[in-house]
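Fit chain B to the supplied structure of chain A, relying on the hints for placement.
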Amino acid sequence: QQQVKQSPQSLIVQKGGISIINCAYENTAFDYFPWYQQFPGKGPALLIAIRPDVSEKKEGRFTISFNKSAKQFSLHIMDSQPGDSATYFCAGTYSGYSTLTFGKGTMLLVSP
Amino acid sequence: NAGVTQTPKFQVLKTGQSMTLQCAQDMNHEYMSWYRQDPGMGLRLIHYSVGAGITDQGEVPNGYNVSRSTTEDFPLRLLSAAPSQTSVYFCASTPGQGIYGYTFGSGTRLTVV
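Going down the list, the sequences are from chains A and B. Read in order, the letters of the first sequence are residues 116 to 227 in my numbering. Read in order, the letters of the second sequence are residues 1074 to 1186 in my numbering.
If you are wondering where the hints come from, they were derived from the structure by calculation, not from laboratory data. It cannot be assumed that every hint is accurate.
Here are some chain A residues pointing at chain B (derived, C-beta under 10 Å) [said to hold, decoys possible]:
(1) Gln121
(2) Pro123
(3) Tyr147
(4) Tyr151
(5) Gln153
(6) Gly156
(7) Ala160
(8) Phe204
(9) Ser213
(10) Thr214
(11) Leu215
(12) Gly218
(13) Lys219
Ideal Cβ positions, reconstructed from N, Cα and C, are used throughout, including at glycine.
One chain only, chain A, in its complex shape:
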């Protein structure tokens, strides 16, 4: 079964610090890796995504690092802010497939 393993389950970071969430995937056919952000009472929203032909993608304070040989990718949140407190999900899929396989999520709390 396709799996995406995500760690840690929860994370507490001080304001201004770096938050790091890691994911590992098994299906080598995956060629699209999005991250979703979910606030309490809301649905997940696409945050940032990467294709395996690049090793890093940056959008503002959010960066995805991708290691194809290790089948791992991670989300880095620089200068973390209390407003970043949310649950983050990594996911994987491939171009010929119509659904996403999600990790189990990481609950991030950024303390003031």
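Here is chain B on its own, set in the frame of chain A:
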């Protein structure tokens, strides 16, 4: 407002009751999915559809039925609710296969007593 609309937002059912969770999107997306979210389990796929008249099972389909008669609507039916179906349900849509972002609804919180 363009997006995915789910109704109701909250529902309490008694064991054995049936109900339909509604999902509608106005973005003309071909692909739609239903996920359930449980603590520590992430988002698990229940059923999905790649177009009107076409549906398929996901990871956890037991106890749920779907149909897709129009591009816009993708209802999820619980035929005989069980306490194990207590969860938050999300509907999502995307214009194409895999490499496009999914748009999620705001969810339906279902409690089965």
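Evaluated hints:
1. Gln121: holds, 8 Å
2. Pro123: violated, 12 Å
3. Tyr147: Holds - the Cβ of A/Tyr147 comes within 10 Å of chain B, reaching about 5 Å at its closest.
4. Tyr151: Since the shortest Cβ distance to chain B is 8 Å, the answer is holds.
5. Gln153: holds, 8 Å
6. Gly156: Where the cut-off is 10 Å and the nearest Cβ of chain B is about 8 Å from A/Gly156, the hint holds.
7. Ala160: holds, 7 Å
8. Phe204: Holds, about 6 Å.
9. Ser213: holds, 5 Å
10. Thr214: Status holds, d = 5 Å.
11. Leu215: Holds: closest Cβ of chain B sits about 6 Å from A/Leu215, inside 10 Å.
12. Gly218: holds, 6 Å
13. Lys219: holds, 4 Å
Hint 2 from the list above is the single one not met by this structure.
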